Amino acid sequence: MKEKKKHKLKWSKLYTFSCLRPGADDQSSAPVADRLLGQPGFSRVVFCNESRLHRSKPYKYSSNYVSTTKYNVATFVPIALFEQFRRVANLYFLLAAILSLTPLAAFNRVSVVAPLVFVIGISMVKEAVEDWHRFLQDRKVNSRKVLVHAGEGLFVQKSWENLGVGDVVKVSKNEYFPSDLLLLSSSYEDGLCYVETMNLDGETNLKAKRSLESTLSLDEEASFRDFRATIRCEDPNPSLYTFVGNLILNEETHSLTTAQILLRDSKLRNTEFAYGAVIFSGGDTKAVRNSTRSPSKRSRVERTMDRVIYLLFGVMVFISLVTAVGSAVFTMRSDVERWYLRLHGGDDELFDPDRAVLSGFLQFVKALMLYGYLIPISLYVSIEVVKVLQAMMINNDLAMYDEATGKAVEARTSNLNEELGQVEMILSDKTGTLTCNQMEFRKCSIEGISFGGEVTEVDLAASRRMNIDVERHRFSLDGASDSTARSVEMFDLFTADGSTEKEGLSGGGGGGGGKGRDSRVSVSEKERGVKGFNFRDGRLMDKMWIYRSNVGEMVMFFRVMALCHTGIPVEGEAGYEAESPEEVAFLVAAREFGFRFCQRTQSAMVVEEVDPMSGVEVMREYKLLNLLEFNSSRKRMSVIVRNEDGEIFLFCKGADEVIFDRLSDGGRTYQQATVMHLSNYAEDGLRTMVFSYRRVGASEYEKWSGVFAKAKAAVGPERDELLESASDMIERDLILLGAVAVEDKLQRGVPECIDKLAQAGLKIWLLTGDKKETAVNIGFACSLLRHDMEQLHLSTSNEVRMKAKDAKEEIMIQLQRFNQLFIEEDIGEKSPFALVVDGKALELCLNTNLSEKFLSVAMNCDVVICCRVSPKQKASITRRVKEYSGKTILAIGDGANDVGMIQEADIGVGISGMEGMQAVMASDFSLPEFRFLERLLIIHGQWCYRRISKMILYFVYKNVAFGLTLFYYNVFTGFSGQEFYDDWYMVMFNVLLTSLPVVALGVLEQDVSSDVCIKFPALYKHGQQNTCFSWKRILGWISNAILTSLILFTLPISILSPSALDRRGSPADATHLGAATYTCAIWAVNCQIALITSHFTWISHFLTWGSILSWYAFLSLYSSAYSDAAAYKVFTDQIGAAPVYWLATPLVVAAALMPYFVHLAVRRSFYPADEDVIREMERTERDAVGDSVVWEREQERSKRETQVGYSARVEAKIRHLKEQLQKKRKSFILSVTNSRQ
Amino acid sequence: MNSGTPSSSAAGAGSADSTAPRRNSKRPKYSRFTQQELPACKPILTPKWVIGTFLLVSVIFIPIGVVSLFASRDVVEIVDRYETDCIPEALRNDKVGFIQSNQNKTCQRTLRVPKNMKQPIYVYYQLDNFYQNHRRYVKSRSDQQLRNNGSLQDTSPCKPEDNTASGPIVPCGLIAWSLFNDTYGFTRNNQQLNVNKRDISWKSDREHKFGKNVFPRNFQNGTLKGGATLKPDVPLSEQEDLIVWMRTAALPTFRKLYGKIEVDLQRDDVINVTLENNYNTYSFSGKKKLVLSTTSWLGGKNDFVGIAYLTVGGLCFFLALVFLLIYLIKPRQLGDPSYLSWNRNPSGH
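Chains as they are written, first to last, in numbering that gives the first Met the number 0: chain A, 0 to 1236; chain B, 0 to 348.
A few of these clues could be false.
Quick list of in silico lysine to any residue cross-link-like pairs, SDA-like style, CA-CA up to 20 Å [what the hints assert, rightly or not]:
{"no.": "1", "chain 1": "B", "residue 1": "LYS329", "chain 2": "A", "residue 2": "ASP1171"}
{"no.": "2", "chain 1": "A", "residue 1": "LYS634", "chain 2": "A", "residue 2": "ASP727"}
{"no.": "3", "chain 1": "B", "residue 1": "LYS329", "chain 2": "A", "residue 2": "ARG1162"}
{"no.": "4", "chain 1": "B", "residue 1": "LYS158", "chain 2": "A", "residue 2": "ASP353"}
{"no.": "5", "chain 1": "B", "residue 1": "LYS138", "chain 2": "A", "residue 2": "PRO102"}
{"no.": "6", "chain 1": "A", "residue 1": "LYS69", "chain 2": "A", "residue 2": "LEU80"}
{"no.": "7", "chain 1": "B", "residue 1": "LYS104", "chain 2": "B", "residue 2": "THR273"}
{"no.": "8", "chain 1": "B", "residue 1": "LYS28", "chain 2": "A", "residue 2": "VAL387"}
{"no.": "9", "chain 1": "B", "residue 1": "LYS138", "chain 2": "A", "residue 2": "GLY345"}
{"no.": "10", "chain 1": "A", "residue 1": "LYS1014", "chain 2": "B", "residue 2": "TYR338"}
{"no.": "11", "chain 1": "B", "residue 1": "LYS41", "chain 2": "A", "residue 2": "ARG1162"}
{"no.": "12", "chain 1": "B", "residue 1": "LYS104", "chain 2": "B", "residue 2": "THR186"}
{"no.": "13", "chain 1": "B", "residue 1": "LYS158", "chain 2": "A", "residue 2": "PRO102"}
{"no.": "14", "chain 1": "A", "residue 1": "LYS1014", "chain 2": "B", "residue 2": "PRO336"}
{"no.": "15", "chain 1": "B", "residue 1": "LYS202", "chain 2": "A", "residue 2": "ALA1125"}
{"no.": "16", "chain 1": "B", "residue 1": "LYS41", "chain 2": "A", "residue 2": "PHE1095"}
{"no.": "17", "chain 1": "B", "residue 1": "LYS211", "chain 2": "B", "residue 2": "GLN152"}
{"no.": "18", "chain 1": "B", "residue 1": "LYS158", "chain 2": "A", "residue 2": "GLY345"}
{"no.": "19", "chain 1": "B", "residue 1": "LYS196", "chain 2": "B", "residue 2": "VAL262"}
{"no.": "20", "chain 1": "A", "residue 1": "LYS1014", "chain 2": "B", "residue 2": "SER337"}
{"no.": "21", "chain 1": "B", "residue 1": "LYS25", "chain 2": "A", "residue 2": "VAL387"}
{"no.": "22", "chain 1": "B", "residue 1": "LYS211", "chain 2": "B", "residue 2": "ASN148"}
{"no.": "23", "chain 1": "B", "residue 1": "LYS47", "chain 2": "A", "residue 2": "ARG1162"}
{"no.": "24", "chain 1": "B", "residue 1": "LYS41", "chain 2": "A", "residue 2": "HIS1094"}
{"no.": "25", "chain 1": "B", "residue 1": "LYS196", "chain 2": "B", "residue 2": "ALA227"}
{"no.": "26", "chain 1": "B", "residue 1": "LYS224", "chain 2": "A", "residue 2": "GLY345"}
{"no.": "27", "chain 1": "A", "residue 1": "LYS296", "chain 2": "A", "residue 2": "ALA127"}
{"no.": "28", "chain 1": "A", "residue 1": "LYS622", "chain 2": "A", "residue 2": "TYR700"}
{"no.": "29", "chain 1": "B", "residue 1": "LYS138", "chain 2": "A", "residue 2": "ALA1125"}
{"no.": "30", "chain 1": "B", "residue 1": "LYS41", "chain 2": "A", "residue 2": "ILE1098"}
{"no.": "31", "chain 1": "B", "residue 1": "LYS41", "chain 2": "A", "residue 2": "TRP1097"}
{"no.": "32", "chain 1": "B", "residue 1": "LYS138", "chain 2": "A", "residue 2": "GLU978"}
{"no.": "33", "chain 1": "B", "residue 1": "LYS202", "chain 2": "A", "residue 2": "PRO1138"}
{"no.": "34", "chain 1": "B", "residue 1": "LYS117", "chain 2": "B", "residue 2": "ASP263"}
{"no.": "35", "chain 1": "B", "residue 1": "LYS138", "chain 2": "A", "residue 2": "ALA104"}
{"no.": "36", "chain 1": "B", "residue 1": "LYS202", "chain 2": "A", "residue 2": "TYR1121"}
{"no.": "37", "chain 1": "A", "residue 1": "LYS125", "chain 2": "A", "residue 2": "LYS296"}
Calculated from the structure, these hints are not laboratory results.
These figures come from a predicted structure and were not determined experimentally.
Generate coordinates for the entire structure from the input sequences, incorporating the hints supplied.
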């Protein structure tokens, strides 16, 4: 019964002037459509309800199957292989592998081919798994069910993928639209329906769509039996906000607008069901057209590594050339002289004195393989392995597991781990990322008295910090002079003052306000109250307000809350549904205060009210006379109701400046107090609204309603003006009641996280599809904005629909003004700037030659907030900023509208919170909540960055040090390409003997502990400035490697040659020297890694020392078991028994490590790195307890000067307080001196 | 990638009740490893450690250096370079011509023993600028053939010294072909000093690499004569000169063991060497030296080990002093916060 009644409700009549204004739009678009249709780009024809016509050409359109996979079964192998060999290094390894199959091979084949297959295999398996996940996700989406008209008025369930163009579907409440539909009718009689487009554009408020009058009759299943219509419209395109088309129904042409189009990925809300005909399906839908393929991303470190590889490749080509030329020259010159080589026979192309050029070339190719140790394929293997392990560590971090949702962080790609440590800018979405998309009623001010707590967190923290300062002062200046002691007293005095003042303001609330202010979020977490209501004040709760003196006004205030809205009561958690979540919050609050709005009919509203006299609930019915709707230019909304006593009231709520303009002289009593409260609320990031009312005399109303009816009946462009002036007539002489503040509820830990990130030197930009006011509010709530910031608003003026050129001009002028401001500020003291841009201005800025100018302005600002931006814009601003600044950019978002941005950024992070997987699917990392970003970046990012940098540097070191010895040896063999070491030693070098400690380093190293990372966010800058992987470091390590290689080669040779090896008299030969040098090399590189490891777990110990031992184990096995090998008995019988061999090792190792050790010692004593000092501090801390003052002071100091974040706000507040104190002190001193005189 | 991922997407699709148990399974398991909380030692390079390390190294290295140097000094080594002196003066402008001719190449050398030499006294020949390590040379041997009687034909790596008209060469290859063929005879006071040519090669080579039943065949029968010839009736495993020669040297300058004199030599003994200067090092101007040397535990005369140890040890001692001075003059207090980047350079960060 109730249901039916609700459906009878005509929403279009509730809204006295509709936001859709169908008339005006139709007229303006019709000629356009007529002109364009049939032209190229506007040629689509859809036969509604006749999908079989679309099964063959020319009307065969793409199916509704949407695929986001990169490969299919057939294309996987070729495409994935192609992708792999686009990496230059892989191509080199492939060439080496092919050459190893020819007689030119320097090593045995398996040792060259196997690692290549392994690396490529791992990467391809990774690709395949990722693509498989994409496929599963696609399948999930494609197999969603929808009701489709199967003929004869019957609707059957079909999965999305089987939907065809022309099909008529029925979508129920809270379901997604399966494709782009033409709205035919809905559960409302007037064909209205509400959609949530959050996934498309991130806007949170619902949008109304309305069907054409002519299709209204199709409101039940049976009526589709004979429905036939033809749509002629534009071809598929990505524009979300335009649509050109006609509907031909019963030979009548009706023009279509976006108001009739329901887009895929948006959701039906507040409407029981809607019927629609499929216009675009699958890949043709606007949502899919708006999506972009995810590009494969590579981290900055990896790109630098490529350059290092090129450098090494250059070195390798160089020494190969030297070898080739040397060999050719040697061959030519030895033709006759070195008779024992018998070169003149010409039986060996590699050494043919008659064909020296050919020989040289072949030698060159061979040398490229021989010196392949400079470019180790194992580097790639190890990095892959380490990154996967790192990703596993990230995935398993319990501190990033969200108990509430049961989700953990997920590193969806392991390519970008180290990039997390180098992020410089964060571009964040708002809804669902920072906020939960929930409104909560937080505070109100009634008749100049604020309820719900007064003191803001910032005040509290500031006073707390001031006290700390005072204590520290006292501590350090023990027994200091009088004047300082006095100033200390002044501090105390002042803070005491402040606190009493605050108590006074919030007092009387029985501590309720105090509790509420403590932590805006945690209160609702701790005592899970009513959803949408986070208000604690004993003066109002539990009907306590009825004991207050001004109970009359109180009642009026609550009535505004309960009556002035567009909501309807429903069953469910909140109990109400309305156009915006704010209104729901008001209704919930009103209910909590005792004014339960319980029924709406076409002309009446029923409220269950507490009668202040008796304290008993009574039902009151208000006759709804008119409803003056909210829109963005009016910024207010009013209802005119008649109560049971026949009195007529106008209740009005709206933005403060609009309401204050319309107050009667007698209604301004509380204006001053209210303004103060409003600014307090706003600074806390709360969204405010002012309530007012007036009584309307019966005769006045009669007169006015005539005017209004006339205005409503008018047609044409003047209708709006008439309505505007009519409403203006009645909405005046209002009486101010007070203000309310709702909170767009932030997710847990968001302000703290932003604070830490800001301290770490990250810039945060907010990109949201929501309107400016909301965005700015959230800016305040997250402490991105504060009141002493200069807000620069960049927007085009709304009033005139300007030509693009004029608008550009306007933007240009604004940008120039901002630049002027910066210059002025540079001279004076720097005050923080915030830039607020709206979508239209942004469009102009990005797509014209203004972009440079705009970006330079944006970069100069501490915060940038972009509002009303489309998904495409989000992506394009990300790209522009990335290109312009060259900084590493992280984009974080949760919805489908953030996908572009996530893909475009260097790192994309998806929030796997509420619903929708698109963002997560496109992301590189997914987080359950925003707050985990802190740990992900500051701890894991930093760790991964430092680890990977160290690892690559060490890898380069060890391979250069080892590889070059091969070259040196060749100089001594007439450049003939002879190997210094046994084949098997060489294979073992990268496979077993040196590879494991470096993997341990890459996974376990912590030169800064997690604790320190969090306490000293400033350490993060090392990643941003890339200090760990700078060219200085890289070249330093290469030099160190060259030094080591020289020592590794010359020392053993000089020690072992040419005299007798031991008492038995035989001198050392090539195999002995090779084995001895190799031993030294293994020792040296493994000890080197021990020197650079700063966090020795048992695993690192085991692997490092184990590697050295395993060399001896390998050598003794190999040299005793395999009598074919040249190295047979080399260890057990020959060098192993020679003391000089054992003497050589410590000497060479000591000499090889000395340069680095000296460098380390010098650095530690003169320029210790931050992490060194902090580790020392940690150590001394442990020794001398109670030295934490230093510790805390350094934490304080390490913070980067930032204008953003909670701490910065506290800082600003303290500055402000100190200034005031200074003034006070001055006047105090002045008065004292005056009085003395 | 991991097993958790597919279940998550399934959980999303599944009904509400099935998600509940799965939720818990997504919770990472606690272990000190995955939470990166393994206990670890975190060494800090304090001045104590730096100075201590340098001192420790020098304290260990300097004595080793001294001992090694002493060991090396104990070794008596007589080196005689003879490649020029053993060519008659008249023919010295065409040394290659002389060496390739059939003239008598016997040459007399006199060595004076500078110190008492205890037996065994090792006799070496030392060649210079001889690339035994050249790849073409190193590869030119057939290990199969050397070991097995049955692998006579296994001469593929031996080109161009692989086959003659009468069959495969054993031992084939350039190394064997260019076998060193100078010979030395020693007399003291007109008394013959025996040179023992047994046991001059590695035992493993004799036993495992050169066959007991492999005999030289067609050796030095080709058009080009290389170096020494081999007795055709002695198995390769007993041709110790060949075995020694076939262990290719690492560098162009190398010594090879020729034999052992198993009598003590007294100081100022005069030893007459009758040598046959057959081997052609003249075409590539290589030096030839005859070396007589005793050994110590350190092997032959090898000052380098001692000097290197003393150098590194001394350097470490010096560095220990330098760092001690640095810490005395300009000490940095451990964990001194003023060295933190934000304190050193407050504006730049």
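Right, here's what the structure says about each hint:
1. LYS329/B / ASP1171/A: holds (18 Å)
2. LYS634/A / ASP727/A: holds (12 Å)
3. LYS329/B / ARG1162/A: Cα-Cα ~13 Å, so holds.
4. LYS158/B / ASP353/A: holds (18 Å)
5. LYS138/B / PRO102/A: The given pair, whose Cα atoms are some 14 Å apart, holds under the 20 Å limit.
6. LYS69/A / LEU80/A: holds (13 Å)
7. LYS104/B / THR273/B: Holds, because 10 Å separates the two Cα atoms, which is no more than 20 Å.
8. LYS28/B / VAL387/A: holds (18 Å)
9. LYS138/B / GLY345/A: holds (16 Å)
10. LYS1014/A / TYR338/B: The hint holds at about 17 Å.
11. LYS41/B / ARG1162/A: Holds. LYS41/B to ARG1162/A sits at ~18 Å (cutoff 20 Å).
12. LYS104/B / THR186/B: holds (18 Å)
13. LYS158/B / PRO102/A: Distance ~15 Å between LYS158/B and PRO102/A Cα, so the pair holds.
14. LYS1014/A / PRO336/B: Between LYS1014/A and PRO336/B the Cα gap is close to 15 Å, so the pair holds against 20 Å.
15. LYS202/B / ALA1125/A: holds (14 Å)
16. LYS41/B / PHE1095/A: holds (6 Å)
17. LYS211/B / GLN152/B: It holds: about 18 Å lies between the C-alpha atoms, which stays within 20 Å.
18. LYS158/B / GLY345/A: Holds - the C-alpha atoms of GLY345/A and LYS158/B are around 10 Å apart, at most 20 Å.
19. LYS196/B / VAL262/B: holds (14 Å)
20. LYS1014/A / SER337/B: Distance of about 17 Å is within 20 Å: holds.
21. LYS25/B / VAL387/A: OK: LYS25/B and VAL387/A at ~18 Å, within 20 Å.
22. LYS211/B / ASN148/B: holds (9 Å)
23. LYS47/B / ARG1162/A: holds (15 Å)
24. LYS41/B / HIS1094/A: Holds. LYS41/B to HIS1094/A sits at ~5 Å (cutoff 20 Å).
25. LYS196/B / ALA227/B: holds (16 Å)
26. LYS224/B / GLY345/A: holds (18 Å)
27. LYS296/A / ALA127/A: With Cα atoms ~16 Å apart, LYS296/A and ALA127/A stay inside 20 Å; holds.
28. LYS622/A / TYR700/A: holds (14 Å)
29. LYS138/B / ALA1125/A: holds (12 Å)
30. LYS41/B / ILE1098/A: holds (14 Å)
31. LYS41/B / TRP1097/A: holds (12 Å)
32. LYS138/B / GLU978/A: holds (11 Å)
33. LYS202/B / PRO1138/A: Distance ~19 Å between LYS202/B and PRO1138/A Cα, so the pair holds.
34. LYS117/B / ASP263/B: Roughly 5 Å between the alpha carbons, so the hint for LYS117/B and ASP263/B holds.
35. LYS138/B / ALA104/A: Holds. LYS138/B to ALA104/A sits at ~14 Å (cutoff 20 Å).
36. LYS202/B / TYR1121/A: The hint holds at about 16 Å.
37. LYS125/A / LYS296/A: Distance of about 14 Å is within 20 Å: holds.
The structure shown violates none of the earlier numbered hints.
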